[in-house]
Each structure stands twice: as C-alpha cells, then as structure tokens.
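> Listed below, chain by chain, are the residues.
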Amino acid sequence: MITRRRFIAVGATGVLAGCDRLNNSQAFRGMLRSAEGLTMRAQRLVSPRDALAREYSEADLSPIFRSNGTSMPGTDAYAKHLAEDFANWRVVVDGLVARPLSIPIQTLRSMPHRVQITRHDCVEGWSAIGKWHGVPLSNVLDAARLSPRARYIVFHCADRFGDKPYYESIDLIDALHPQTILAVGLNDHLLPVPNGAPVRLRVERQLGYKHAKYIERIQAVESLAPVYGGKGGYWEDTTDYEWYAGI
Amino acid sequence: MNDVSVTDRPGAKAPAHRRIAYRHRLPTRIWHWINAITVIVMLMSGLMILNAHPRLYWGAYGANFDHAWLAFHGRPFPGWATIPSTYNLAAARRWHLAFAWVLVAGLVLFLAVSLWNRHVQRDLAPTADQLKPDHIWQDIRAHARLRFPTGEAALKYNILQKLSYVATIFLLIPLMILTGLTMSPAIDAAWPWLLDLFGGRQSARSIHFLTAAAILLFIIVHLVMVVLAGPINEITSMITGRFRVPPERARE
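Order-wise, the sequence lines are chains P and E. Quick note: the first sequence, position 32, residue 32 per our numbering, numbers continuous. Quick note: the second sequence, position 16, residue 1016 per our numbering, numbers continuous.
Be a bit skeptical, because a hint or two may be false.
To be verified - Here are some chain E residues pointing at chain P (derived, C-beta under 8 Å):
#1 I1049
#2 H1053
#3 G1062
#4 N1064
#5 D1066
#6 A1091
#7 W1095
#8 A1098
#9 P1185
#10 I1187
#11 D1188
#12 Q1202
#13 R1205
Stated by the list, open to error - Far from chain E by the CB rule (all over 12 Å, computed), these chain P residues:
#14 M72
#15 T75
#16 K80
#17 S102
#18 I103
#19 M111
#20 S138
#21 A143
#22 R151
#23 V154
#24 F161
#25 L172
#26 V193
#27 A225
#28 P226
#29 V227
FYI, nobody ran anything at the bench for these hints, they're computed from the structure. Glycine included, each C-beta is placed from N, C-alpha and C at the ideal position.
I would like the entire structure built from these sequences, with the hints used as guidance.
Written out as structure tokens, the structure reads:
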C-alpha cells in the first residue's frame, strides 16, 4: 500500500524529473530562450536610447569592490605585461573600421576621461558600487571610423578559461551609450589586476559578465556567428548565459 | 469562490444536498491553473538563482564583504526545491525570466477581464459589513474551529479569503514583479524611481525574497484549506466551475 508520504515523495520526484527532462529538451529550451529576445525588445522599448544608469556619490561606494571571474590571467604574456607595469600594453581596434588603431595604454590613460560612480550587478545577485575612470568607447570608435556595416563590437580579452579566451560583445546601442567606457581606473587608482588591469569595459545597463576585463582587442563585426562559439561571449558559448544581460 | 451563483440545476428537483452551483468563471479557472504552474516554477527557479549567492542585504550595494541580514553557506537549497535540480544558474535564469512573462501577462489579463466582468468589485472586494472587527473576529473563530460556511454562504468568499486573495493579487504578485524589475540594471536606467521606491537594488532583492516567502505561505495555507474544505469538490469546482453546495447546517 502506498502511504501518503510516499505518494507525495514519488509525485514530487516525478515533477522534478519532468522539469529536468524539459530542461534537457532542445525544443523546450528554445522556447525559454525566445524570452530573451522579448525581454530585450521590451526593455529597449521602454528605455530612451541614452537613459543613464544611476550615478552615485562617493559616500555610496562599496568599502571593498569585490572581483569575480578571473582574478589573475595566468598566461606568460600577461605575466610579462604585469612585470613591465603594462608599459607595452596596446588595445587594437580593427574589423569593420576605416582606420584600424593600435592604442598604447598610456594614450588611453591620457585621453579625456569620463568619471562615473555606478553600481556593478553580478548575474549571481550581488552588487558593488565603484568609481570608474575611462574613455568613452564612442570616442575610440569615432577615431577608428566605424563602418556602417558594423552591428556589434567584440571585446577580446587576455584571460583564459582553460584553453578558451574570454570575450564579450555588445550592440551599437550599448557601444555608443555615453556611460559605456574603457575603464583604466577604479576608485582613483589605476585598475587593479583582479578588476581587469590595465583596461576593462563598463557597460552600465547590463550584468557583470558583459563587462569584459583585460581587453587586448576591440573588433567591429556585422555578425557574431563567426566569432568563437557564435553566441557573442564566453559564458554565452559555454553555459548558455543570455547574450542580452539587461536583467 | 463565486463568480456567479446559479440556482438549482434546471428541471431537476434535486434534494438540497445535491445542489450544484456555478462558482468559478472560465477566466478565473484558466488563470488559477496557469498560475499554479507558473508560481511554482518561479519559486523553484528563484531558489536556484538564490543558490548562486545566498546572501541578502539592505541598501544599494551588497557583496561578500558587506553585512548580510540573511546568509547561508554553500548552495543551501536542495535539488527537490529547485529548477533545475542540479546547480545551473544559466538554466534557472532561462526558466525564471521566461515564466516571468507568463506571470505578468496572466496578471494583466486576469485583472482586465475581472474588472470588466466585475468579478473584482462583486466577489473580491470586502463589503463594509465584512470589514467590521466583530465580523472579522467571528470569521477567525469559525476558521479556527474549522467550521466552513454552508448553503448560500458557501458561495461567497468569506472575509479572510477575500483579504488573502486581494493581498496576493493586488500586493504580493505586483511586488514580486516590481522588485524583480528593480534588479534589472537596464530597467533601473529607464525607471530610476524603482530604486527609490524600494531603497536600492539589494533592498529590492531582499523584498523579492520576502514576498516570495509570503506567496509560499499563501500557497501552503490555501492547500490546507482546500484539503479541509473537501478537496474533491474544491478542485472539481476550479476545473469545471461547478461546486456541490454543502447543505445548511442545522441551527444550534
């Protein structure tokens, strides 16, 4: 005879197994995935193109700004740059641009800066407030003369997860947003290594994993399909994080 | 309970205890069952998302070095309580953010239809008499003694039911949606008033969790009441709309 407790236990297990089976079904996952496009279109619909993320005051700064993901890129090349105090670090800007650039980090540090105290929201749920100093990405893209065919900006990073390089991408709405900067400083100091030294992206209307660290190359492309796994970012390719991370 | 109360089945001189009444209209029944699935999915995928960083804070920011008002170690929520059942933040977010649309659309449609057909005004809104402290106290005592309404009275929501349904529909579910949106950096840029309304993103995340706990409590009490009030009749009425009216109790 089936006891009530056993009935409930079996029932619950069945429901869970059902959910896991649905989770493994390509068709069902495709349906869930379609919500990402809906969310992006809805959020873009209610957001003015240049709506600014809230900027905070010095009094609101997190006492300690924690880092996440890579805290020290383990490659020999990065170790050499670190030993040289990044004196020979360059950021290449190429792809669909009329004038490809290779910008020395010193130049990036001396270009006109935007300073913004903003909140960093991790996909895991935590938030930290930091003061970022950086060059508006739109200035760099203007200097490189972006082709009208360019639709996405891809950020290639120096850190590796296993053998895979980290990378991220955003579309032009976020790339040309006034708060989207190539940050070279955090809280009035040069960017620390765990936070992406010597240069990282800030894209304030999206979650933390979009904010590529250790940037070596900025590539303008028409489509994300040919880039690495084709989904627009390391986490997108490997664990199915959303490419649009506005929520 | 009642969307409409219909009198005895036509043509049948049924004895009083067989009287069947039409109690839940179709929009109510559809929304009920869609929500039964959606809310459970939201709660379970939400617990998996909380597994990723099981610490809650007040204010704008909050991370590992900051003071948490609630902190668990490791991945506190077990597989039977989460979707999916093994740790997977990406998949849990896919479930959560897809079903969130079902929750929002369901609420908006239900409210539109139920204001239009006056379900809200007629059946959900407490009457002035019901709101008198005496009446509320009486109803609390009746619930405590498990004396459920019979006859005509069983076709109307009692005051505790009304208050809990109204609180869930007009307060808890909207709070879930709004605090959820406040966790979105894109929505915060578009609607910065949300941050002021809830006192910052991490406060909104804490309120999101507390409201979810309140909804879970509602579900538990709701299920207990269904079981106590006669699960077959109650569940049948939420599927077919038809409810077997419990005969009047003899006067004491």
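> Would the least Cβ to Cβ distance between A143/P and chain E come out above 12 Å?
Given that every Cβ of chain E is farther than 12 Å from that of A143/P, nearest at about 26 Å, it holds.
> Given Q1202/E as an interface hint, is the shortest Cβ-Cβ distance to chain P below 8 Å?
Interface hint status for Q1202/E: holds (6 Å vs cutoff 8 Å).
> So S102/P supposedly isn't at the interface. Is its beta-carbon more than 12 Å from every beta-carbon in chain E?
S102/P clear of chain E: closest Cβ-Cβ about 32 Å, beyond 12 Å.
> Taking the minimum C-beta separation from M111/P to chain E, is that value above 12 Å?
With a cut-off of 12 Å, M111/P remains clear of chain E, as the shortest Cβ separation is near 25 Å.
> If I take the minimum Cβ distance from L172/P to any residue of chain E, is it greater than 12 Å?
holds, 16 Å
> Any CB of chain P closer than 8 Å to the CB of A1098/E?
holds, 4 Å
> Find the nearest Cβ of chain E to the Cβ of K80/P and say whether that gap is larger than 12 Å.
Per Cβ check, K80/P is outside 12 Å of chain E; nearest 31 Å; holds.
> Mind checking the CB of G1062/E against every CB in chain P and telling me if the closest is under 8 Å?
Nearest chain P Cβ about 6 Å off; hint holds.
> Please verify that the nearest CB of chain E lies beyond 12 Å from F161/P's CB.
holds, 15 Å
> Hint validation: H1053/E versus chain P, beta carbon distance must be below 8 Å. Holds or violated?
holds, 4 Å
> Is the interface hint for P1185/E satisfied, with its Cβ closer than 8 Å to some Cβ of chain P?
Result: holds, 5 Å to nearest chain P Cβ.
> Is it correct that the beta-carbon of V193/P has no partner in chain E closer than or equal to 12 Å?
V193/P is indeed farther than 12 Å from all Cβ atoms of chain E, at 18 Å.
In terms of the numbered hints stated before, the structure departs from none.
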